[in-house]
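Chemist: Next come the chains, spelled out residue by residue.
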Amino acid sequence: MAAAIEVDGLVKRYGPLAAVDGIRFSVAAGSVFSFLGPNGAGKTTTTEILEGLRKRTEGEVRVLGLDPWTEGEALHRRIGVIPQDFRFFEKITPKEAIEYYRVLFGTSVDPIELLRKVELADKANSRFDTLSGGQKQKLGLALALTNDPEICFLDEPTTGLDPHARRAIWAVIRSLKQEGRTVFLTTHYLEEAELLADHVAIIHRGKIIAAGSPAEIIQQHGLPARMTVEGSPALAAYLQMNLGASAVMEDGKVSVTLKEKGDALKILTAIEASGLPWTSFTTTHDTLDDVFVRLVGQMDEGALKSEGSS
Amino acid sequence: MKLSHIGADFRIVARTYFRNPVALFFSLIFPIILIAMFGLIFSAAGSGAVTLEVVNEDHHSPVSQEFLSALNNTTLVSVQLVSVSPQNFSAFLGQNDYSAGLVIPAGFETDYLSHTPVNLTVYTDPEDAASAGTVVGAIEGVANGFNLHAACNGGTCAPIIGFTSQNVGSPVYKYIYYLIPGLIGFAILTSPMFSMVDIASSYRKDGIFRQLSLTPITRAEWLTSRILWYVAITFVTAGIMIGAGIGLFGAHVTLTLGVLPFLVVGPFFFVSLGMLAGSVAKTPESAALIGNIITFPMMFLSGTFFQVSSMPPGLQAFAHILPLYYVIDGMNQVMLFHNTSRALLDVLVVLIGSVVVFLLAIRLFKWRDE
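Going down the list, the protein sequences come from chains A and B.
Residue numbering for the first sequence follows the numbering used here, starting at 1 and increasing by one per position.
Residue numbering for the second sequence follows the numbering used here, starting at 1 and increasing by one per position.
Derived by calculation from the structure, the hints in this document are not laboratory data.
Heads up, some of the hints might be wrong.
[Stated by the list, open to error] Here are the simulated DMTMM-like pairs of lysine to aspartate or glutamate, each with C-alpha atoms no more than 25 Å apart in a straight line:
(1) A/K261 - A/D300
(2) B/K205 - A/D129
(3) A/K95 - B/D206
Using the sequences plus the hints, can you model the full thing?
Modeler: Here is the structure:
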C-alpha cells in the first residue's frame with residue numbers, strides 16, 4: 001500500500017531542546033495511524049509539522065507527496081485538520097460555518113448532510129458558543145471534511161468528552177476509514193488507539209520508542225499472559241514442582257505464566273489433581289495501556305539513572 | 001485576492017456583529033449618547049452672558065465708558081474690549097468664532113452731549129439667533145435709557161443713539177459643529193482599533209488563525225473583509241451622529257461627497273493599525289496595553305473633543321503627527337470650511353499611511369508559527 005505520509009530523520013529544535021529528535025515512520029494510505037505519547041513527548045509538534053503549521057529543523061517529510069511547509073497551500077486543499085480543543089467564531093452556527101468553508105474551498109458540499117454525518121444536524125442552527133464540548137468537536141470534524149480530504153489529522157479529538165460523545169467520534173473515524181481516507185490520530189486514550197488504529201507509534205522525549213500494530217507492540221513489549229488462582233503458597237510450590245511452571249505468589253494469589261495456548265488447561269488439571277484448596281481463577285494479558293506505561297516508565301527510569309550517574 | 005473569499009468572511013463578520021449586543025450598542029446607540037452628552041454640556045455652558053467684543057473708537061470717553069458699563073450691568077452681555085480697526089472688525093469676529101461685536105464710533109461723547117444723532121454698529125451671527133436677540137435687546141435697552149436721559153436734560157425727545165446691525169464676517173462655528181466631525185473621528189479610531197487588537201490576540205490564542213491558515217483564505221483577503229466591514233459600520237455611525245447633531249442641536253454641517261473618502265481611509269488605517277498592534281503583542285493583555293497606548297493620545301489630542309488650535313503650541317505640534325488629526329481636520333475642512341484643497345492633502349496623508357500600515361500588518365501578522 002502506498003504511503004500517505006513519510007517521515008525520515010525529523011528533528012524540531014527549540015533552542016537547545018530537541019522536541020522531536022530524529023524520528024522516522026510512514027503511514028499507509030487508507031489506514032488509521034495513531035500517534036501516542038505522554039504530554040510534552042513531541043506528538044503535537046510532529047503533527048503540526050505534518051500539517052504544515054510548523055517549520056521543521058531537519059529531516060524529510062512528505063505528506064501526499066508534498067512538502068508540508070513549502071507546499072502548504074496545495075496540501076491544505078487535500079487534508080482536513082481538527083486541532084486540540086477546537087474553537088471557532090462564537091456567534092456562528094454550524095451550518096454557517098460549513099457554508100463559509102464551502103466558499104473558501106470552492107466545494108459544493110451540503111452542510112446539513114455533512115452535519116448529519118457527524119451527528120450534529122439537530123444543532124445546525126445553534127450558535128457555536130451554545131454547543132457542548134462534544135458538539136464543538138463534531139463541528140471541527142465536519143469542517144475538516146468540508147474539502148473531502150484524503151488525510152484527516154485528528155489531534156486528541158475526544159479529550160474531555162463524555163463516553164457517549166467519544167463513541168460518536170469513534171464511529172465517524174471508522175466511517176472515514178471505510179471511505180478510504182487516511183486518518184492520523186493523536187490521542188491520550190490507549191484504549192482508543194487499540195480500538196481504532198491499524199498502526200501505532202509511541203513517542204517519548206522526542207523519540208519513537210515502539211511502533212507497529214497494537215497487537216505487535218503488545219507482543220513485542222508486553223508481559224506474557226498469566227493465570228491467577230485464588231490459592232495457597234503450597235499450591236504455587238506444587239505447580240512449580242509438578243509442571244515446572246513459573247508459579248509465584250503475587251498479592252496473596254498464585255500467578256502462573258502461560259507460555260502456550262494449551263498451558264491453561266494443563267494448569268487447571270494439575271490444580272484439580274493436587275487436592276489443595278482453591279476457589280477461582282482468571283487469565284490476564286497486557287493491553288496497549290500496560291505496554292505504554294511500562295515503556296514510558298522504563299525510559300524515564302533510564303533517563304533518571306543516566307542523569308543521576310552523570 | 002478572491003472576492004468570494006472576502007465576501008464569505010464579510011458575511012461571517014456581519015453575522016458576528018449583529019449577534020453581539022455590545023457591538024450593536026457601541027455602533028448604534030453610543031454615538032447618539034456621545035453627541036447628546038457633549039452637545040448638552042456645551043449648550044448649557046453657553047446659556048450665561050453673551051460675550052460682546054467691543055471696539056471703542058471714542059478713545060474711552062466717559063460717556064462711552066458709562067455706556068459700556070451700563071451694558072455690563074444688564075448681565076445679558078459681557079463686554080470685552082479689543083483693539084481692532086473697525087474695517088477689520090467683522091472679519092476678526094468671524095475668524096475667532098465670536099458671535100457678537102459692537103463698534104462705538106469716534107465722537108460718540110461729543111455727539112451725544114450735543115444731541116447730534118450717532119450710530120453704533122452691532123455685529124451678530126444670523127445662525128445664532130438666540131445670542132443675536134440677547135445682544136440687540138441689551139444694546140437697544142441701554143441706548144433707550146441714554147436717549148431718555150438726554151431728552152430730560154435737553155427738553156427734546158428725539159432719539160440720539162441709534163444702531164445699525166451687520167453680520168459677522170464669516171460663519172461662526174459653534175462647539176457642536178466641530179463636535180460632529182470630531183466624534184465621527186472618535187468612532188473611526190476606537191471601534192476598529194479596540195476590536196482588531198482584541199481579535200488579533202484572541203484569535204491567535206484560541207487557534208482560530210491556525211484554523212483559518214488551513215483554508216485557502218489569505219491574510220490580505222481576511223484583513224480586507226474586516227476593513228470593508230468597518231467602512232460599512234463607519235458609514236452607519238457617521239450617519240447617526242450627523243443626524244443626531246442636526247436633529248438635537250441644529251448643527252450646521254455640510255453634507256457632501258467629500259466626506260466619503262475619510263469614512264473609507266479612516267477605517268482602512270485604523271483596522272490595519274489595530275491588526276499590526278495585535279500582531280506584535282505576545283499576549284491579549286499586552287495587546288490591550290499597546291492598543292491603549294496608541295489610542296488614548298489620539299483620542300484626546302487629534303481634535304476629537306477639543307480643537308487643536310486651542311491647545312498649547314507643543315501639543316499642537318504633537319497632534320500633527322497623529323493620523324487621526326488628518327482624518328478629523330479633513331472632515332472639518334469638508335463639512336465646515338469648504339476647503340477642498342486642504343481636505344485633499346489630509347486624505348492623501350491618511351491614504352499613504354493606510355497603505356504602509358496595511359502592508360506592514362500583512363507582513364507581521366502570521367497565521368502560523370515558524
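Chemist: Next step is simple, just say for each hint if it's right about the structure.
Modeler: To see whether the hints hold, each was checked on the structure:
1. A/K261 - A/D300: violated (34 Å)
2. B/K205 - A/D129: OK: B/K205 and A/D129 at ~17 Å, within 25 Å.
3. A/K95 - B/D206: With a Cα-Cα distance of about 21 Å, the restraint between A/K95 and B/D206 holds, given a limit of 25 Å.
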